[in-house]
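**Student:** Sequence:
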Amino acid sequence: PIYFDGNKPKIPFVSSFSSESRFHFPISPHLCRKQKPFDSPIMGCAVAITLLIAAATLIVTRLLYVLHLTGKPHKPPKPSSSKGSAPQPLSTLIVLGSGGHTAEMINLLSVLQRDRFAPRFYIAAATDNMSLQKARLLEENADESSSSQFMQIYRSREVGQSYFTSVLTTLIALAHGLWLMIRIRPQVILCNGPGTCVPLCVIAFIFEVVGIRWSSVFYVESIARVQRLSLSGLLLYKLRIADQFFVQWPQLQKKYPRAHYVGCLM
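As numbered in UniProt numbering, residues 1 to 266 make up the sequence shown, in order.
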């Protein structure tokens, strides 16, 4: 009940409310401590998204820069000796393929400046022994077999193999190719169309994107390709993986303007 003390109303409940009878509200200790910047889940997600965007931006920027440099082969370091000295030799990885690919490559190597491209590493598919035998014969005739090595790599896909099982073999081929590239570290990769060259060239391109530029890729399309590129050549051309792309027919150069026409090499 409210009663009046003179002109001022009084409420007994309020007037009798002592300090001992006041309510005490429990306060959790974690509400009093100072929160760290990343304690909030929203803040943590925001930071993670920012880092991902920054990393993606750096990767895309680097990729665009590498694509811009396509067509400009890596220049080897200049020798520290006096002027007029011979240029330093370049370690060269030569990819061989079954059938006509090896015949064309052997013909190309016969006119190669051999002291400039040394040592030479020959790679063929694991099931292709004839190509390596021809390469060994070429080196023995030139009395330079001691400066050459011969290796094999797993095929991404055998003839007649199903596409389902080829997924596993392709991964194995990529892993094997990565190990070979780290082991050899070639400055030049020379290939002319076999599918075996694609994993090696892709790995070389990835190394370039991440800043480990070991190799310049030189691709010479087979003379059998008159009107259109092979699948390997098309991939390396469209993806701008090859630093220098050569064709042997003028109509191919007109169709693919970034290619260089060099005439028939056979």
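To be clear, the hints were calculated from the coordinates, so they are not data collected in a lab. Beta carbons are placed, not taken as given, at the ideal position from N, Cα and C, and that holds for glycine. Heads up, a few of these hints could be off.
Now the in silico label distances, taken between C-beta atoms and shown as ranges [said to hold, decoys possible]:
(1) C45 - Q227: 52 to 62 Å
(2) L51 - E140: 30 to 40 Å
(3) S91 - P257: 43 to 53 Å
(4) G99 - T169: 42 to 52 Å
(5) S110 - L51: 26 to 36 Å
(6) L137 - A55: 47 to 57 Å
(7) T50 - N129: 38 to 48 Å
(8) A54 - A118: 22 to 32 Å
(9) R240 - A54: 19 to 29 Å
(10) M266 - I49: 33 to 43 Å
(11) A224 - L112: 31 to 41 Å
(12) P119 - L51: 25 to 35 Å
(13) A54 - N129: 46 to 56 Å
**Student:** Are the hints correct? Go through all of them and say.
**Tutor:** A quick look at each hint next to the structure:
no.: 1; hint: C45 - Q227: 52 to 62 Å; result: holds, 54 Å
no.: 2; hint: L51 - E140: 30 to 40 Å; result: violated, 56 Å
no.: 3; hint: S91 - P257: 43 to 53 Å; result: violated, 31 Å
no.: 4; hint: G99 - T169: 42 to 52 Å; result: violated, 20 Å
no.: 5; hint: S110 - L51: 26 to 36 Å; result: violated, 54 Å
no.: 6; hint: L137 - A55: 47 to 57 Å; result: holds, 50 Å
no.: 7; hint: T50 - N129: 38 to 48 Å; result: violated, 54 Å
no.: 8; hint: A54 - A118: 22 to 32 Å; result: violated, 43 Å
no.: 9; hint: R240 - A54: 19 to 29 Å; result: holds, 25 Å
no.: 10; hint: M266 - I49: 33 to 43 Å; result: violated, 56 Å
no.: 11; hint: A224 - L112: 31 to 41 Å; result: violated, 21 Å
no.: 12; hint: P119 - L51: 25 to 35 Å; result: violated, 43 Å
no.: 13; hint: A54 - N129: 46 to 56 Å; result: holds, 50 Å
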